[in-house]
Amino acid sequence: MTETTTNWLAACRVEDAVENGGVCVKYGEEQIALFYFTRRNEWYATQNECPHKKQMALSRGMIGTITDEPKVACPFHKMNFSLKTGECLSGDECAIKTYPVKIEDGTVYIAVN
Amino acid sequence: MNKLKIIIIGNGMVGYKFCEKLKSKSDSFKLIIFGEEPRRAYDRVHLSEYFNGKTAEDLSMSTASWYEEQEIDLHLNNPVVEVDRAAKTVSTSSGEVYRYDFLVFATGSSAFVPHIKGIEKEGVFVYRTIDDLDLIAGYAKNAKKASVIGGGLLGLEAAKALIDLGIEETSIIEFAPRLMPRQIDMAGSEMLKSMLADLGLQIYLNKNTSSIEGETNIGGLKFSDGSELATDILVISAGIKPRDELARKCGIDVGPRGGIIVDAEMQTNDPCIFAIGECALFEEMIYGLIAPGYEMAEVLASNLCAQSKSFKSFDMSTKLKLIGIDVASFGDPFINEPDCRTIVFENKHKGIYKRINISNDGQYLLGGILIGDATAYNMLLQTSVNQILLPADPEELILGSRGGEQVGAGIESLPDAALICSCEGVTKGGICSSIIDQGCETLDDIKKCTKAGTGCGGCMPMVKDLMLHTLKAQGKYVRNVICEHFNYSRQELYDLIHIHNLKNYDDVLNEFGQSDGCEVCKPLVSSLLASLWNEMILKKGNDTAQDSNDRFLANIQKGGSYSVVPRVPGGEITPDKLIVIGEVAKKYNLYTKITGGQRIDMFGAHLNDLPIIWEELIAAGFESGHAYGKGLRTVKSCVGSTWCRFGLHDSVSFAIRIEERYRGIRAPHKFKSAVSGCIRECAEAQSKDFGIIATEKGWNLYVCGNGGSKPQHALLLAADLDSETCIKYIDRFLMFYIRTADPLTRTATWLNKMEGGMEYLRNVVINDSLGMAEKWEAEIENLVSTYQCEWKEAVENPAIRKRFSHFVNAPEDKDPTIEFVEMRGQKKTPEWKKV
Ligand code: SRM
Ligand SMILES: Cc1cc2nc3c(=O)[nH]c(=O)nc-3n(C[C@H](O)[C@H](O)[C@H](O)COP(=O)(O)OP(=O)(O)OC[C@H]3O[C@@H](n4cnc5c(N)ncnc54)[C@H](O)[C@@H]3O)c2cc1C
Ligand code: SF4
Ligand code: FES
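Chain order of the listed sequences is A and B.
Position one of the first sequence corresponds to residue 1108 (the numbering used here), numbered consecutively onward.
Position one of the second sequence corresponds to residue 18 (the numbering used here), numbered consecutively onward.
The set of hints was computed from the structure by calculation and includes no laboratory data.
In this text the structure is predicted, and so the values were computed from the model without any measurement.
A partial selection of chain B residues facing chain A, derived with a Cβ cut-off under 7 Å:
hint	residue
1	532
2	536
3	565
4	824
Each residue gets a CB set at the ideal place from its N, CA and C atoms; glycine is no exception.
Kindly generate the complete structure, drawing on both the sequences and the hints.
Set out below in structure tokens:
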């Protein structure tokens, strides 16, 4: 049995994140969208690339809710994705990857692999 | 306290209305009324309903206790018989004498009775008071044949009353060659005549009654052409005669053909004595209608309360329902070619006749006649009274109102096969079926089900219209609410935000919404906030509620780069500025293109580079072009009189003025304008939300045009305006649009959905029918004076500037995934990556 330890990426300071919006975090070659849903006091992280037309755009999308499910809308064609599960909420586009987020001492950490 | 005493002679409609108006304005007068009739003032206009079951009490203008409550002394059945102007007293038939400070004649008119031999015989009546009607009803019991002398408005009404009383054989005798000679023309009269004949009325035109036959009671009529007509009862309705006998007796000036002469303040030649209503002669005219009478009452009441007001000659247009037949005339119904152009519509089968008279230049409605269908009356009356400019096809004014709705403009008129979402190839039929067969009830449902609107999204407003329309047709109640977070329409929310003075998205959501918002309500609320308060849109708290393009003050392009579009007002640009654009584009490796809006777009900028690019542009005197915002885009111009040999005015200067006035103002959707220097229209102004074309005399203002996927020509709002008026109208037009349009609705669609269409819009903008003009002008003025270039603020404010970097944890790094390929010596984005 192999022990899996979570690899926490120190993404940014809380005050660098955008309230009720997203920022993009560089993780090597990858791009992660980090959302600070201030209204709900929740943090979410997803892949930054929108699967619809493969645009690095989700961090620039608008966040909100649909029947209380937190979601992000891609700025390109307004595809909606659940921030909790990554599921596509508009038709059958494929789902996006999501990452756990934690805050410690004012620093935002994203769990990568 | 000693109140001033006003004595009113006559308790008719106008006398009563005067008391009501005066009492509502002031309590400093003591009112004393003398009425000749035995009952309180009643609604004479609806007198005939007395024969249809209404009682005298039903027709009464007020309750008995009203006069008591108002402390008005009412003396009925007690006419004034003498006025002593020196002593300032009146004496009544019962012998009392009263002193007055002011005296008001409201004695009305009586029926005019011509001198015909035998007129004194039993069975001859007039039609003016409830007493007259009681007498007619009593006598009619034994009558089989009835006649009415006079084929005017009142005569026809009397004839109807006689039929209602059960006299089947009723005739109308008219001296003139047509019915209602004051209101309608020959063709209209023919139409009316045939319809009245269908109802059993005999109509005799061109008949001059020479004598009334019979012993003591009437037995028949003899005409000057020798013919005769048997009749048992006769009602005379040959016109009215103002009741000026008392005034005449006490030396008040009266007109040569009767009527108490008054000035615009309703004053007679005795400064303490006034006359109002049907007894008053103003500018040689007796107004035999109730509306001008009430206006006279208002004028006098106001002047007595020191609110200066004056009476202006009144429109004599009328609309009535005669025996179930609409008859209306307005303006100048009779003016003929060559003094005007006349359009006539006639449907003999349905009994409809419509005529409109149009000025020879096709611009104004001068008057007209409507018989059989007067639904358009109010609109036409407004159009002619207010001199509203006519549309290009004025015949639609009388033909268009067939089903009530405008023809062709609505989404309902599209065929099922019409392609609504061209990205996903979804037809109208497909969308409707998702609603009807698959039970979709929200936009999201429809999107999921049909994929419509998941491409460019440009079809969403149409999908929404279709949804609302289809749901409604299914009998489902739909409120045009914003989204699941706000149970309000855009217009409702606009007012709520305004009234509650809210300044950011979260406050609005907390106050009036629920849950946590979405990409529909956020930009909508942001746009409302911007339209209302004009604050920097990226102010903390509102930044993430902006649409993506607004949030970065630039349009995101395929691949993730941005475009840069500085404002070039009117399309005019100096060589130096062209050089700056060239240099900046070269420095930051941007693709350049002349846009369809007469300016220059620089594409392919990295997010990180936007602030520095703008800093350089601003230093050279440029400002944001708002190519990203739902607000003013461009005001195109043609070169106009400064160079063009046909130019009538300086269209470039005016375009620049317009563009600088409205720049930065946020609206439900983007809006565009253009100014052309002459009718050759090189600036294509008629395809704009508002377009301006120079004329010999000024500017023609067109509104609600659209290019885009459903092109629509703009319509003429007003002609030959001076620059100031033109701008005033645009101010009002824009504020009306900003306040009332649905989200993401261009002006053309807004107009298409507007009840009453262009006529209504014109009335609001030009005639200020909503009474909002002043407020709107002030609101625009406020927006204009608080304008600031957003990009200037963004580059100067470190907190905002910080947001223009791609990576939060590597602010210097640009997005490495952005790639460009070469084409014709410039760069472009590669095709969408394969998915
Ligand atoms: C750049 C430009 C094309 C060009 O290279 O010439 C352009 C580019 C775009 N147009 Fe346009 N339109 C441009 C002139 C026009 C014109 C011509 C004009 O203004 O005289 C029209 C038709 C006139 C009209 O609007 O009535 C036009 C009708 C549209 C429409 C359809 C609007 C409609 O009511 O149907 C859209 C879609 C929308 O706004 O929803 C649109 C949307 C767009 C968008 C914003 C699409 C998008 O969301 O990305 C494009 C953005 C490019 C960018 O990032 O800057 N563009 N677009 C032109 C910019 C003009 C400018 O200087 O600002
Ligand atoms: C059958 C009918 C239908 C009509 N239909 C319409 C219509 O559809 N639309 C429209 O706009 N108009 C219509 N009119 C006209 C409208 O009724 C009159 O314009 C309106 O009543 C005028 O009001 P007034 O107060 O000036 O006169 P009146 O209502 O006639 O009141 C004057 C009063 O003063 C009294 N009086 C006169 N002399 C003295 C005196 N010396 N002392 C005391 N009292 C005196 C009279 O008895 C009378 O009661 C109609 C009229 C009639 C008769
Ligand atoms: S017409 Fe051209 S510029 Fe306008 S939205 Fe379509 S592709 Fe883009
Ligand atoms: S690229 Fe995200 S919705 Fe199209």
